[in-house]
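Mapping of the sequence shown onto the numbering used here: position 35 corresponds to residue 68, and the numbering continues sequentially without gaps.
It should be emphasised that the hints constitute simulated quantities derived from the structure, not laboratory data. Don't take every hint at face value.
Claimed, not checked - Derived Cβ-Cβ restraints for the label pairs, each shown as a range:
#1 G203 with N87: 50 to 60 Å
#2 L302 with V341: 19 to 29 Å
#3 A195 with R255: 30 to 40 Å
#4 A232 with D106: 54 to 64 Å
#5 R317 with Y356: 42 to 52 Å
#6 E157 with T284: 49 to 59 Å
#7 A195 with A232: 26 to 36 Å
#8 Q290 with K235: 43 to 53 Å
#9 A300 with G203: 20 to 30 Å
#10 Y356 with W328: 41 to 51 Å
Ideal placement from N, C-alpha and C gives every residue a C-beta, glycine not left out.
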Amino acid sequence: MALIDNAVYVGGRRVESPSTLSLATRGDLAWIGLLRPDPSELEAVASEFGLHENAVEDARKGHQRAKLERYGDTLFLVLRPAWFDSRAEAVEFGEVHLFVGDRFVVSVRHAERPDLAALRARVESDPEFLAKGSEAVTAAVLDEVVDGYAPVVEVLQDQIDAIEDQLFAGQVDAGVSKRIYQLLSEVLGFQRATTPVPAMVKGLLRGADKYGVDDEVQHRLRNVLDHALRVTERVDSFRALLENALTLHSTLVTQEQNEAMRRMTSASLAQGEESRQLARAAHRQGEEVKKISSWAAILFAPGLIAGVYGMNFDDMPELHWKYGYPAAIVGMLLLMTLLWAWFRKRNWL
């Protein structure tokens with residue numbers, strides 16, 4: 034079965050390490066550690082310690098929110114430990130379920146972390162504290178989970194600082210916005226894991242006197258509460274910072290787009306002015322061409338007449354006519370005048 038460790042304690046010292054659950058209730062305290070147990074294994078634990086079926090169902094399904102519930106004389110806690118995976122560059126979350134009774138603690142993990150074996154070794158090294166019973170184990174597990182939040186908080190703070198430096202440096206590329214969204218998603222998940230913890234610890238402290246919880250255990254719980262409150266306050270501030278960073282990034286992107294649009298508009302205006310100048314130059318050139326063409330046509334008319342009558346043929350009509358020359362001159366002038374008047378009317382001259 035998924036039994037990681039099974040220990041029986043008397044006076045805070047391990048006296049047995051049973052291989053089966055049937056011996057788990059011997060001594061002052063039994064602490065059973067399970068990793069990803071299957072339904073039959075959970076049913077065996079539930080039968081041994083009389084666990085409530087609703088709590089067992091939650092432990093079997095996993096993916097529960099952090100919470101504290103009481104079923105008769107048994108407490109059921111769901112904790113969401115967190116750590117930063119440097120390879121994936123993301124915050125990862127585990128899940129630890131605790132069944133806490135008068136003389137037993139059953140821990141059910143759905144992830145490899147946190148390492149409760151190392152925690153058990155530290156707690157066993159202080160028999161006086163462990164002798165205070167299942168509440169001492171509960172306080173130690175809570176302390177371990179909350180202490181594990183601190184490195185995550187520092188990593189998130191460093192990444193948010195890096196985002197702010199990029200934004201204040203004017204970097205508004207798509208990679209920055211993507212990283213902001215990723216960080217915000219991680220912070221929201223971290224917030225869901227950490228926010229219920231202070232209320233859970235307060236609930237344990239409220240019932241401490243009623244159930245005769247030792248003063249040292251209560252002091253440990255109050256320390257856990259202080260740390261948990263600091264974590265939740267910082268996580269709340271992270272969420273606000275990232276939401277403000279999104280707003281700032283959106284503003285910077287809008288400004289950059291407006292500036293790019295202004296540059297495009299200026300370039301378009303300059304290009305338009307250049308096009309207008311070219312059009313005016315082409316118009317002037319066309320006008321000059323029309324004038325030149327008009328005068329060329331006007332001058333071509335007398336040349337045509339002169340060319341015809343300059344041919345050396347003996348039998349040309351009007352060649353020996355007395356009024357041939359004046360008629361040719363008059364014809365030339367008349368044709369030139371008509372062409373000039375026509376071009377003038379077309380505004381070519």
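Results for each hint:
1. G203 with N87: 50 to 60 Å: 55 Å, holds
2. L302 with V341: 19 to 29 Å: Since L302 and V341 have Cβ atoms about 58 Å apart, the given range 19 to 29 Å is violated.
3. A195 with R255: 30 to 40 Å: 35 Å, holds
4. A232 with D106: 54 to 64 Å: 21 Å, violated
5. R317 with Y356: 42 to 52 Å: At roughly 45 Å between Cβ atoms, Y356 and R317 fall inside 42 to 52 Å, so the hint holds.
6. E157 with T284: 49 to 59 Å: Cβ of E157 to Cβ of T284: about 56 Å, so the range 49 to 59 Å holds.
7. A195 with A232: 26 to 36 Å: For A232 against A195, whose Cβ atoms are near 32 Å apart, the range 26 to 36 Å holds.
8. Q290 with K235: 43 to 53 Å: 49 Å, holds
9. A300 with G203: 20 to 30 Å: With a Cβ separation near 22 Å, A300 and G203 satisfy 20 to 30 Å, so the hint holds.
10. Y356 with W328: 41 to 51 Å: Violated: the Cβ-Cβ distance is about 29 Å, outside 41 to 51 Å.
Consistency with the previously given hints fails for numbers 2, 4 and 10, ordered from lowest to highest.
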